[in-house]
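Novice: Sequence:
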Amino acid sequence: MPAPPLLHHHVVGPADAPPLVLGPSLGTSKAVWEPQLPSLTRRFRVLRFDLPGHGGSPSAVLPDPAPGRTTVGHLASLVLALADQYGWDWFHYAGISLGGAIGAHLAARHPDRVASLALICSSAHFGPADPWHERASLVRTKGTAPLLETSSGRWFATADVADTPFGRGLLGNLADADPVGYAACCDALAGYDLRPELTAISAPALVVGGTFDTATPLEHARELADGIPHAALNIIACGHLAAERPDDLQDALTTHLNELRTYGRPGPCPAWHSGCGATYTAVEG
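Residues 175 to 459 in our numbering are what the sequence shown lists, from first letter to last.
FYI, nobody ran anything at the bench for these hints, they're computed from the structure.
From a predicted model like this one, the values you see are computed outputs, not experimental measurements.
Check each hint, because a few of them may be wrong.
Said to hold, decoys possible - Lysine to any residue pairs mimicking SDA-like chemistry, simulated, CA-CA at most 20 Å apart:
1. K316 to A333
2. K316 to D350
3. K316 to A349
4. K316 to P285
5. K316 to L348
As the list claims (entries may be wrong) - Distance windows between CB atoms, simulated:
6. A349 to D400: 17 to 27 Å
7. P320 to W262: 14 to 24 Å
8. A303 to P391: 12 to 22 Å
9. H284 to T324: 31 to 41 Å
Cβ atoms here follow ideal geometry from the backbone N, Cα and C, with glycine treated the same way.
Model the full assembly from the supplied sequences, consistent with the hints where possible.
Specialist: Written out as C-alpha cells, the structure reads:
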C-alpha cells in the first residue's frame, strides 16, 4: 500500500542542528513564521508545515474529513508523521493558536518526542463547541469568504498591519483555504480541551499572550502558564497573530530557547550554537 500523504512542509537550517517544528494558526500557512526564520535557522533545523486545506496541504491528508470527525489528535499525528519522515525521535516545537494546541497535545501525550514547547496566542480550550461547529458549517456552505471581513481585526492589533505584504499574504491564505480542510480544523478546535492534562506536560514551556488578542484573550495564556509546570509567561502588545510584532516574538523565543539546558538531547550544546557559519539546505515537501 502507498504511504499516507504528508502535510506540505518546508525544512531549512543546518543539517546537523536540533529540529524545531513550527505550527501555524487556523486560516494561515507556514508563511506566518517567515519573520522568525533568519534567526531560528541559525541554530535549528526548522520545519514549517501547512494545516490540512491550508497553503500547500490538501484536505486529503486528513484520515476522515467528514463533519465532526477531525480532532487535534489527528492533526498531531500528521505532525508526528513528518518528524518520523526525517528520522527525528524528538524535536522542539512552537505553535500559534491551533498550531500551539497541536504542540500541547504532543507534549502531553508524547512527552518523549517534545524537547521544548512554545505556545503562542493559544489555549487549552478554545471555548464552547457550538460556535466552532457553526463556523465549520458556514465554511462548508459558503467557503472562507464570509470570514475575511472580520479576520484582520482579530488577527492584527492595528489595521495598518493588514495592509502590509505580510498581512495581505496571510489574509490571502485564508481566502484560498479549502473549505473542507478549514472546516475540519474548526471541528478539531470544537472538541479540544487539554485542561485536565496540562500538568502532564514536562517539557520546558513558554506561553506568549497578546494584550489585544480577542480570539484567545490573556486569561487563556494565564491558564496555560498556571497549568503547565514551571511554564514562563510573556505578554506582547499584539493581536491574535503575534507575528505582527516579529522582534518582540523573536525576543521571547530566543530567551526561551537560550534558557534551555541544551539545544539537543542528549549531549552539550553543539559547536554551531556560537555561530559557526554553517550552510543551510532546504527541503520542500
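Novice: Are any of the numbered hints broken by this structure? If so, which, sorted upward?
Specialist: 1, 4, 6, 7
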